[in-house]
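With these hints in hand, go ahead and build the complete structure from the sequences.
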Amino acid sequence: MKILIFIFLFLIGPLTFGQEALNIIFQPKFETENLVINKTYLFKTDTLKINSFKCYITNLKYYKNDSLVHVSRKRAHLIDATDSSTYYISEHKFFRFDELRFNIGVDSLTNVSGVYEGDLDPSKGMYWTWQSGYINFKLDGTSSRCPGRKNKFYWHIGGYLPPFNTLRKVSLKLNKSHPRQIYIQLNKLFEEIDVSEVYNVMSPSDKAIRISNKLQLLFKQVP
Amino acid sequence: MKKTKLLFTLSIFALLSFDIIKNTYFFNPPQYFPQPTYDFQKNPLDSNKIELGRLLFYDPLLSANNSVSCASCHSPFNAFAHTDHDLSHGIFDSIGNRNAPALFNLAWQKSFMWDGAVNHLDMQALAPITHPSEMGSTINDVIEKLNASEEYKTLFFIAFQDSIINTSKILKSLSQFQLTLVSASAKYDQVMLGKDVFSDQEKNGHQLFKKNCAICHTEPLFSNFKFETNALPVDPSLNDLGRYSITQNPEDKNKFKVPSLRNLSYTYPYMHDGRFATLKEAIDHYTSNIENSDRLSPALKLPIKLTSNEKVDLIAFLLTLNDKEFVFNKKHQFKKISIETKE
Chain U
3 MKILIFIFLF LIGPLTFGQE ALNIIFQPKF ETENLVINKT YLFKTDTLKI NSFKCYITNL
63 KYYKNDSLVH VSRKRAHLID ATDSSTYYIS EHKFFRFDEL RFNIGVDSLT NVSGVYEGDL
123 DPSKGMYWTW QSGYINFKLD GTSSRCPGRK NKFYWHIGGY LPPFNTLRKV SLKLNKSHPR
183 QIYIQLNKLF EEIDVSEVYN VMSPSDKAIR ISNKLQLLFK QVP
Chain A
3 MKKTKLLFTL SIFALLSFDI IKNTYFFNPP QYFPQPTYDF QKNPLDSNKI ELGRLLFYDP
63 LLSANNSVSC ASCHSPFNAF AHTDHDLSHG IFDSIGNRNA PALFNLAWQK SFMWDGAVNH
123 LDMQALAPIT HPSEMGSTIN DVIEKLNASE EYKTLFFIAF QDSIINTSKI LKSLSQFQLT
183 LVSASAKYDQ VMLGKDVFSD QEKNGHQLFK KNCAICHTEP LFSNFKFETN ALPVDPSLND
243 LGRYSITQNP EDKNKFKVPS LRNLSYTYPY MHDGRFATLK EAIDHYTSNI ENSDRLSPAL
303 KLPIKLTSNE KVDLIAFLLT LNDKEFVFNK KHQFKKISIE TKE
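Respectively, the protein sequence lines represent chains U and A. Mapping the first sequence onto my numbering, position 168 (from 1) lands on 170, and the numbers just tick up by one. Mapping the second sequence onto my numbering, position 271 (from 1) lands on 273, and the numbers just tick up by one.
Since the hints were derived computationally from the structure, they do not count as laboratory data. Bear in mind the structure is a predicted one, so any value in this text is a computation, not a measurement. We treat Cβ as the ideally placed atom computed from N, Cα and C, and that holds for glycine. Check each hint, because a few of them may be wrong.
[Unchecked claim] In silico EDC-like cross-links for lysine to aspartate or glutamate, where the CA-CA straight-line distance does not exceed 20 Å:
id : chain 1 : residue 1 : chain 2 : residue 2
1  : U       : 126       : A       : 153
2  : U       : 95        : U       : 142
3  : A       : 44        : U       : 119
4  : A       : 44        : U       : 121
5  : U       : 190       : U       : 142
6  : A       : 155       : U       : 93
7  : A       : 44        : U       : 123
8  : U       : 31        : U       : 48
9  : A       : 112       : U       : 109
10 : U       : 41        : U       : 22
11 : A       : 147       : U       : 123
12 : U       : 126       : A       : 143
[What the hints assert, rightly or not] Which stretches of chain A does chain U cover? Using the computed rule of at least three CB atoms under 8 Å from a CB of chain U, they are:
id : segment
13 : 34 to 48
14 : 121 to 135
15 : 162 to 173
16 : 244 to 253
[Stated by the list, open to error] Computed list of chain A residues with no C-beta within reach of chain U, every gap over 10 Å:
id : residue
17 : 80
18 : 278
19 : 304
Shown next as structure tokens:
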């Protein structure tokens, strides 16, 4: 009997080990706090609220010593601040890595290949219906410094055709301490982009390019 | 071992050919048509999805107040264009800023709308559904309404073996129906197939057409599907700059997607803003009004000179592109589907 149990465990052991999941988290932050939708933030001379934050993380790959160890099983991942479960990306197996490479946004091939389900479903509010293309990064809110109607700003960053290709590649070297935790430091964007000047971005344009050029700076390993 | 391998490859072959048979049964263009652009492998045609798409196309449920369907602006009897208005009319009697184009041979188009704003047939329907002056709805509202209908739930299940109604299934069904709108049985096509002959007048018109028009309105689809300008002066009340609004490239100012010239008798008025009510006006534009703009296609740099007899011949040729069989095909018209649901 004992030997049977042993054999059973021996057989099942590697299976369960093989199925151990690996989770990484992309946590949106405002300064030192986790982002809270519609919370009032005092930031320098500005009073800010974020009404909506969504962002595509796509083509996620894990590297160790510069060689690829794993390609994420999901083609595109939509982070949505109204649902913190979207901050997690889980892989079916366990492995070690010291670098993440991914895109902020949806690549041009996907943009021209018709309709998808799941996170790329055009009903997620991240697709422009009047001019085909995904919104790669969306940040809406109010700022006391914003001259728009009711102080509202709309940063809808998308566009896949040159010269307005807004997809940005990120590679993050990770140190050993917290390799599975990434911060998306949203306050950084307000340091880089003057919301009193750029506040209405809702199509592929020069302004969208200006913002997209700063997006890599938001992604940081947890210090 | 070898035997199983053989069996395996054979069965794969059988499966594949089954697929091809299924698709070509509903989509069977003539040999002289080019390869279609649409990737049928990602959305293989089958009768259940086509019929579901047809039902959706004619259903005003897709609009905010259940008043406007796709067919409100794209009527089967006008080769799926709209003839009453120069500019399209939508929900709450709002007026759009462009003429609703005819819908046929969509499988060959690389981009959609007059300015190519839409890059894939599957994505096209999102534009009218959500446009405030067309159907004024949202895709989530449409999904909710479809989910509330037992009939649609059953039809989606029959079509997809899955009753979850989502964006992809709605859009793919609409595409399937629209892909079956192939216009390839005009007199011109009969002549191509050697089953008919042009009259002398039509023959002469064909020569004039090849010389003056075919570079943009390329046979046999009668469009090169590129963005060109035929030098229409900009209507200041619309200020529609066409392709430029998508690319913001000054080279693209006043460029519009070259429309097909099939079925012209059914698709009046003409041009992106429906400015010409008759074919004669459209042709007169080419012979007398071409503005010399530096963005003008080289094809129109030299003035097109046609005598009034030649114009008559050209029109006679253009009329051989009318496809009555397509326009009156019952398979494309509204049909009430009744399904038996078990009590």
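Report task. Please name the hints from earlier in the document that this structure breaks, with their numbers sorted from lowest to highest. Result -> 1, 2, 6, 10
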